[in-house]
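K.L.:
Here the protein sequences line up with chains A, B and C, keeping their order.
Take 28 as the starting number for the first sequence in this note's numbering and just add one per residue.
Take 42 as the starting number for the second sequence in this note's numbering and just add one per residue.
Take 232 as the starting number for the third sequence in this note's numbering and just add one per residue.
Each hint should be verified, as a subset may be incorrect.
[Claimed, not checked] Pairs of lysine-lysine, DSBU-like flavour, derived with a Cα cap of 30 Å:
no.	chain 1	residue 1	chain 2	residue 2
1	C	K313	B	K468
2	B	K151	B	K278
3	B	K490	C	K427
4	B	K490	C	K436
5	B	K303	B	K671
6	B	K671	B	K278
7	B	K530	C	K313
8	B	K303	B	K278
9	B	K530	B	K557
10	C	K436	B	K557
[As the list claims (entries may be wrong)] Some chain A residues judged to face chain B by a derived CB distance under 7 Å, without partners named:
no.	residue
11	G260
12	R264
13	N274
I should point out that these hints are in silico values taken from the structure, not numbers from a laboratory.
Ideal Cβ positions, reconstructed from N, Cα and C, are used throughout, including at glycine.
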Amino acid sequence: MRRGIWIYIGGRLLQSLLVLWIITTILFFLFRQAPGSPLAAYIDTTFTEEQQQALIARFGLDKPMHIQYLTYLGNLIQGDFGDSFRYRAPVTEQIMDVLPNTLYLTLTSLFIAYIIGVVGGVFLASRRGTTVEKGGIIFTLMTRAAPQFWVGMILLAIFAFELRWLPSSGTSSPGVIYRSEIQKLTSIDFWEHMLLPTFTLALFLHGLPLLLMRSNMLEVLDQDYITMGRLAGYSERFLMLRVAARNALLPIVTALALGIGYSIGGNVIIENVFAWPGLGRMLVSAVAGSDYPLAQGAFFIIAVIIVLLNFLADVLYSVLDPRVGSSSQAQGV
Amino acid sequence: MALLEIRNLSVNYRTQRGTVHAVDNVSFDLDSGQHLGVIGESGCGKSTLMRALVRVLPRNGDIVRGEVYFKGRNLLELSEDEMRDLRWSEIATIPQASMDSLNPVQKVGKQLEDILIRRGRHDRATAKRRAVDLFELVGLDVERLGHYPHEYSGGMKQRAVIAMALALNPSLLISDEPLTALDVIVQHQVLEVLKQLEEELNLTIMLATHDISVIAQACDSVVVMYAGRLVEQTDAKTFFSEPAHPYSLGLQQAFPNLVQPKDILVSINGYPPDLHTPPTGCRFAQRCPFAQEACYQSDPVLTSIRDGHLSACLRIGEMDTLRDAARQPHTWLQTEASRLVQQNTHNGKQEPDAVATQHDDDTILRVNQVSKYYQIGGGIAGLIRGQKRQTVYAVNNISFELKRGESLGLAGESGCGKSTTGKMLVKLLEATHGEITFDGIDLRTLHAKNQLEFRRRVQLMFQNPFEALNARFTIYRSLAEPLIIHGWKRDEERLERIIETLERVNLRPAEAFLDKLPHQLSGGQLQRVVLARALVLRPDLIVADEPVSMLDVSVRAGILNTMKALAAEMGLTTIYISHDLSLLQYTCDRIAIMYLGQIVEIGPADEIINNPKHPYTQALIAAVPVPDPKIPSPPLRIRRGVPRPTEIVQGCPFVERCPEAMEACRHIAPPNVQIAGQHATRCHLYGEHADSPKLAPIAAEAIS
Amino acid sequence: MQHEIKVNEITGITDAKVLSGGSLLTNFLRTNAEVFKRDRLALTGLIILVFFALIAIFAPVIAPRGPFEVIEADGFWLSNEKPSTDYLLGTTNLGRDIFSQLIYGSRVALLVGFSAALAVAVIGTIVGLIAGFYGGWVDTILMRLADVAFGIPFLPFIIVLVAFLTPSIWIIVLAMAMLLWRDTSRVIRSQVLVVKEQAFVSAGKVSGASNLRIIFLYIAPSILPLSALYGSLAIGWAILTEASVSFLGFSDPDVVSWGFMLQDAFNSQALSRGAYYWIIPPGLAIMLTVMSGFFISRGYEEVLFPRLRKH
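Same shape as in the complex, but just chain A (with noise of 0.2 Å):
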């Protein structure tokens, strides 16, 4: 390993704890802000006012504020998101259950968005200045312009309802019951249900590793030891396709670190039109159903999922890339 690069880690590390902490800061304070008694939605009206307070009191919310803080960080550390409001069970429960189902979606698409994208805007960068590559940018930016929900819209009205062809939301057809992620997995059903929501997603999330490899691409092309390998009597294909690509893959890499990340949290779309049993759309309906430990849960889960990717891609990116971390930079000797 190069001289430097674990420093690098582990100081981008300590620096994403420390995001992670602000951020879960900022969530305790911004869940404070919630309309009425934090437990409005828990009291039934039947309660009597001793049964109130002790509830209150089991909840900890008689304490002091920073008390209350403390408790809060003290119990995130150890996992325990509190109890949901609406289904009166461990916060973790819940989101465990409904996470692997986000993941299915999340990286499925990933990977279809970015093979599309690489190969794509390698193909866009070879048609450099035609108009091939012009509709394709613009087609591009078409797809990642349209809402996702609309475009999910459509398909639902075209596939689900008008043809018939594929379910229209969830996970699994009335009556089915997958009795393990196995299962899940194994069952044709299933993948039935994500063919639409994955279509979908990855086609909006396509876009960006398309354009920016395009992009790296033409950037590449245009350095010196392109046309160093021009004149030692490489093929254009090959400069095209091994040392160009190869070198404008390196950012791209890291950019599916970030995606990975920001999709989790931005899926909440498209769970909500497909219905599909997930963290976002629990994060929705929480909200919405003023669930306040189910949301701070699913909202921090998603939270620490982007700041690790964030992490990693960084990593990732030293890892690959020779030139950081490297404390031997070139000196004019």
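Knowing the structure of chain A, use the given hints to seat chains B and C on it.
P.N.:
Same frame as chain A, but now just chains B and C:
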């Protein structure tokens, strides 16, 4: 049969403004074993020519006409596949920016092996062995094969690229400006590698360069290009003894020479013509002191003077007379281009006495034990950025004084601290230790009010004229800026001062420049604007950081002459910072040599050049290529590579590279030893430890 | 660090050829004119944007009815009418005129788009300028703040904020301003770092120019086109975000927006009825306005990075 025959080769570029005729009807031969230098200033078409030979042109470049026969085959008729097979296996071309020619994310050894395997039918194992051989051939440490390009220095990268080019045993090596952007010692070493390859491998070489001393040292024949045309062709000896084209005459007069310093450097005023619409007559006519009416009418053809010596000049018959006239500097003021700028008597060296009389005992600048340290890394920020805490001793305990009207040159390799020193003198940087006093004021004590006055009196002139001016400001605006800052409220007064200053720097008529934007001017004109901006406040001290290194040789002299003349006329004190000793010898009264942040030798310019004491100074001077094939450059007794200035050395900073290193040099910092008068050096050879036992001599080939 | 990708793309600009002399303002305007003159796509974007702006301004004149006006016929709501000459795009299941809603919806989209873009560009530019120019601790703190903004999940944050405070488009704008400055400030900062090392800035210092003079006269002009680039990108993101939040049901129920219309359609079984006349137009309108922002930002990119345009 010649190895390479070029016949009527023309190359065009398509641009938004039309067609550029970059190479126009060029023909010449290259014999096997020949070492040909192609010389010309930027934009003359030499790079285009070299890349056209192997048909690797930028996208908008077209070969419109001609034939290129290599070993009897017309390269321009080959299929793309055949041509690709030929590249590097027969003709190895090294591009100009070889610093950036290596793939930054692949180990250099891997890149070399790739070429051997993909292009040379080697397998992994033989490729590895061959890579080792090649690295040894160009004098690179074999361990370096496992390193990435960013871990290489400039000189090492250049060697690595040469090694790659030789990988497939080509019969012809074409190298574009192999030495540009390298330090003088590294230049010398790369040149040595090239010369040694010429001998060992019996290579045929074609070098493009703007530097006639490279021709003198490494080539046996010369082709001179001007504005896309071949204007002279001859062997190297004749080129220096009997050049036969006015442009060649001018180049030789414009080039400084350490061994035979010229009293006056000649500037070939003006600029090459716009190749969108080349003139009908001789392309050099505007800048030629010998141009006649006919030169503007008819285009001279390449004519044989005697066997193998061709020149494209209408007055080829009177060349002996012209050659004599060209030695007279005033001749070069007779050109059309000179008349356009109404060049006045500013050209020319001031009488030495005239300068001397201005030196009284009035010390204007005092630098006393000044150091500049940088911390890199460390702290939380450093931890985050992954840098270890390190101190860079950019400038380490330097002292000197400067008298009013005097000019001092700061010389040294890149990274020696000369530019940092310059920035401290104008207070762009604060010194870490020590004191700098300007006219009795300690720079540290400057506060808002007298800081502005200090800013008026001390100016900095920048290296790159294309960056030194705000691209969005007109010339007027750029020059008015300092006046506005210094409270010149009235427009008329400002305009008057600006026009006066522009005329002083020979931008005439000044009015024509006021509304121009920087990109509308040439490099030379821009640098004059930069000079004008430095002068517009009538300062007392100017620090000029590499004032001409970005400019073509033919216009350098003009700027330097103007600066010298104005300094004398306005009583300016000047500090020139440059890597170019011949330039400093030409412009400065005294020279200070810096090495790793220290001044290792300081003294009168002629003393330093002719009687250098410090082994480092001696090496620097020996490394300067001499523009005369009769004087071969001496071998360098020095190790390559400058260590990083990140630790304070106990003894002499030069000890690791010094051929004379002694036991004492390891442990005791050398004191400042007075040689004679103003000449002093920091070296134990001349001090009380002169008899300290010598360390084992280092091989000249030792590798960093 | 993590946005090195974009930053690297951006730091390529030292090519200031497109920009010419004059004051800060004329300079900026001239650059803008240049962008639209040179780039057809950017011009198209501008035309689309102006088109929607005109619709928004003259909405009461163009729209035949109020957005929430319930059309009754014979004492019944005229729900789920198919498009006809009377109701160009038909009616909703509550008997409201879809075409009129579409026209009024442009107001929210443009209001959110422009105000968020302005806020993002202004905050991002100022933070970037300060962080880049002063460096040191100021820089460290500001950039850590940007890291925090990068770590906060964008849409969930806005949803929570809107849900906890009163639902209003201004809360959405505020939430976006609080997070989206991060990209702009990073890019601006790295560009400032490049520009401030350029010799003409040192020249200003050597002439005695004050820090403020340096920032505004020397550095800012090279930065403003970048702010415009990121600002026009933000127009698109802001409109998309507002639409998404409305679609999820967190918008002000008294204001009609395109996202609100789609939510209405989604919840009223428009999909199963195949009521494309209700689904397609609002989404198309969103896509067009967002695209116009993207087109304009590409125009800036092409002018700022001529490399990508070449040949």
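K.L.:
Against this structure, judge whether each hint is valid.
P.N.:
Consistency of the hints with the structure:
1. This hinted pair does not check out: K313 of chain C and K468 of chain B have alpha carbons roughly 77 Å apart, beyond 30 Å.
2. Taking the CA atoms of K151 of chain B and K278 of chain B, the gap is about 42 Å. The hint is violated against a cut of 30 Å.
3. This hinted pair checks out: K490 of chain B and K427 of chain C have alpha carbons roughly 24 Å apart, not beyond 30 Å.
4. Note on K490 of chain B and K436 of chain C: the hinted pairing holds, with a Cα-Cα distance of about 15 Å set against a maximum of 30 Å.
5. Restraint check for K303 of chain B and K671 of chain B: the C-alpha separation of about 18 Å stays at or below 30 Å, so the hint holds.
6. For the hint pairing K671 of chain B with K278 of chain B, the CA-to-CA distance comes to about 8 Å; that is within 30 Å, so the pair holds.
7. In summary, the hint linking K530 of chain B to K313 of chain C is not supported, as the alpha carbons are separated by about 73 Å, beyond the 30 Å threshold.
8. Taking the CA atoms of K303 of chain B and K278 of chain B, the gap is near 20 Å; set against the 30 Å cutoff, the hint holds.
9. At roughly 23 Å between alpha-carbon atoms, K530 of chain B and K557 of chain B fall within 30 Å of each other, so this suggested pair holds.
10. Pair hint K436 of chain C plus K557 of chain B holds up; C-alpha atoms about 23 Å apart against a cutoff of 30 Å.
11. Residue-level restraint check for G260 of chain A holds (minimum Cβ-Cβ distance to chain B is 3 Å; threshold 7 Å).
12. Evaluation of the R264 of chain A hint against chain B yields a violated restraint, the C-beta minimum of about 11 Å exceeding 7 Å.
13. A distance limit of 7 Å between C-beta atoms decides the matter here; for N274 of chain A the minimum to chain B is near 6 Å, and the interface restraint holds.
Hint compliance for this structure: hints 1, 2, 7 and 12 are broken, all remaining hints hold.
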